[in-house]
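**Q** The residues making up each chain are set out below.
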Amino acid sequence: MTAQIPLVDYLALDDVPHLVANECVRCGARYFDRRNGCASCEATEFRKVPIDTTGTVRGFTIVAQARPGVAVPFVAATIDCGGTTVRGNLVNVPPDAEHVHVGMKVRLTTTTVGTDGKGTEAVGFGFEPLEGSM
Amino acid sequence: MSTDDVWILGISMTKFGKAPDKDAVDLASEAAVSALADGGVTMRQMEVLAAGNLTGTGGLGQQLQKQIGQTGIPVYNVANACATGATALRTVIMAVKSEEADYGMAVGVEKLAGAGLLGRPAPKHNEDEWTPAGRFGAVAPLEGRVGTDTLPGVFAQIGLEYDQRYGGADFELFARISEKNHAHSTLNPLATYQKRFSLEEIMNDVMVSYPNTRPMCSANCDGAAAAVVVNGRTLKKLSAEQKARAVKVSASVLTTDPWQEGCQVLPNVNALTRNAAQKAYERSGIGPQDLNLVELHDCFATAELVHYDNLMLCEEGGAVDFFESGAPWRDGRLPVNVSGGLESKGHPVAATGIANIWEVCQHLRGEAGPRQIEHAKVGLAHVIGLGSTCGVHILERAA
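In order, the protein sequences belong to chains A and B.
Position 44 of the first sequence, counted from 1, bears residue number 44 in the numbering used here, the numbering being contiguous throughout.
One gets the numbering used here by counting positions in the second sequence from 1 and adding 134 to each.
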């Protein structure tokens, strides 16, 4: 099997790929980046928590103009995954306003980013419509 | 006038647009000299200078002094993204309010004509061997792979999140907001664009980031603005004309984004604006119902909608109804962005947070010419700099 590496360190490539947040032990605030402390309560201890793999689109945009090297159009969105806001692209859906709308139900899926010189595949993620939600 | 009040004594903005023969120091000098003349004062009287310029070489304040007056006063070169101008003004207001200075000047300038999306350049990644880097341990650039950081895209999502929460906002509604601001700018000779667009033209223009088409995005342009601030004790000693034209700063508030769920995933421009507005209304004893005009930060048409709500110009969740009522048109109940706003007047970033004050002052002084809002007594100016910073100023006509 090809060696894989996640696009970001908060993507866990387990049997069921999912996102992992740093959750503040004291107040429960969740973050996806490397932390120096909690912006909500100033505590400094965090634990890893899995994030729901299904959610609801809160907001989106269809990016038609981007800097060189970024393929357009793509759909960027914020998704409410069980009370935690996540950002990601909406994939496996035509990038137009007839097919993408706020409130749509989506689930996490993985995407291929590319393979490096050593044959390792970088794996990204996106959210695709849940069947029947169109 | 009470002795501890703070007043705008003189204020100016340059023509916004393309100024190919002028550099940032030229534009800043033009704005500063005009503001001094407008207030009937000179550089010799200024005791503090705050200056903002994001795209230049740094040290704008001292560069400006070297052209218009090296008097040795302290300079604060400030930066707070699109709220830089408001931050410069707030810096001077704090100095005057604390009685460290009787007079001070704030200047903001930008050379942005022809600039693009203002996206950050992609960080370098090693494609020979994927190597996690940065705060997300990313092995490749995330723009376009995990959402977007482009400003039109960020503010598009902010607008559609409002729709998800309250309903009623769609592409056409956002385009109609832009139609209003472009219509308003036809009366503003200093605006970058003074062309009225039809709704069809706006909706059929180049799509930048749905639902924001090109005319629904702030216009990158060159421009500068400057303001001279004075305390009430000093103003009392000035001429009748200076007193009559001075504009009272009834509230000057700066906030940053407080932590809320999701705020580090997509910038939350709502909470800090609401906080700033609330503080400004409390400090001034003025409520949204007392306002005669508002200049708010319509960096994109999608942003203007959410700020009707954040500035409490309508009931919570009522921004769509507020717009549909016709209120924010210049002949409506509460005109918003009669200057043309950032979409049409233009957005020379560091100048914006002073230029919006200039617009309000023009109306409060009764000097706004053909676009004068009659009998304007009280106005509010608002800016947002992503990151985030919010500036809200409430201004009142001299009694």
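Hints listed in this document are in silico derivations from the structure and should not be mistaken for laboratory results.
In this text the structure is predicted, and so the values were computed from the model without any measurement.
Keep in mind that a hint or two might mislead.
With a straight-line cut-off of 25 Å between C-alpha atoms, the simulated DMTMM-like cross-links for lysine to aspartate or glutamate are [claimed, not checked]: (1) Lys48(A) / Asp304(B); (2) Lys105(A) / Asp138(B); (3) Lys118(A) / Asp138(B); (4) Lys105(A) / Asp283(B); (5) Lys258(B) / Asp33(A); (6) Lys118(A) / Glu234(B); (7) Lys258(B) / Glu128(A); (8) Lys370(B) / Asp138(B); (9) Lys105(A) / Glu128(A); (10) Lys377(B) / Glu234(B); (11) Lys231(B) / Glu508(B); (12) Lys149(B) / Asp160(B); (13) Lys258(B) / Asp116(A); (14) Lys413(B) / Asp9(A); (15) Lys118(A) / Glu530(B); (16) Lys105(A) / Glu530(B).
**Q** Does each hint hold? Answer for all of them.
**A** Hints, verified against the model:
{"no.": "1", "hint": "Lys48(A) / Asp304(B)", "in the structure": "violated (38 Å)"}
{"no.": "2", "hint": "Lys105(A) / Asp138(B)", "in the structure": "violated (56 Å)"}
{"no.": "3", "hint": "Lys118(A) / Asp138(B)", "in the structure": "violated (69 Å)"}
{"no.": "4", "hint": "Lys105(A) / Asp283(B)", "in the structure": "holds (23 Å)"}
{"no.": "5", "hint": "Lys258(B) / Asp33(A)", "in the structure": "holds (19 Å)"}
{"no.": "6", "hint": "Lys118(A) / Glu234(B)", "in the structure": "violated (64 Å)"}
{"no.": "7", "hint": "Lys258(B) / Glu128(A)", "in the structure": "violated (29 Å)"}
{"no.": "8", "hint": "Lys370(B) / Asp138(B)", "in the structure": "holds (11 Å)"}
{"no.": "9", "hint": "Lys105(A) / Glu128(A)", "in the structure": "holds (8 Å)"}
{"no.": "10", "hint": "Lys377(B) / Glu234(B)", "in the structure": "holds (22 Å)"}
{"no.": "11", "hint": "Lys231(B) / Glu508(B)", "in the structure": "violated (31 Å)"}
{"no.": "12", "hint": "Lys149(B) / Asp160(B)", "in the structure": "holds (13 Å)"}
{"no.": "13", "hint": "Lys258(B) / Asp116(A)", "in the structure": "holds (14 Å)"}
{"no.": "14", "hint": "Lys413(B) / Asp9(A)", "in the structure": "violated (40 Å)"}
{"no.": "15", "hint": "Lys118(A) / Glu530(B)", "in the structure": "violated (67 Å)"}
{"no.": "16", "hint": "Lys105(A) / Glu530(B)", "in the structure": "violated (49 Å)"}
The structure fails hints 1, 2, 3, 6, 7, 11, 14, 15 and 16 (numbered hints given earlier, in ascending order).
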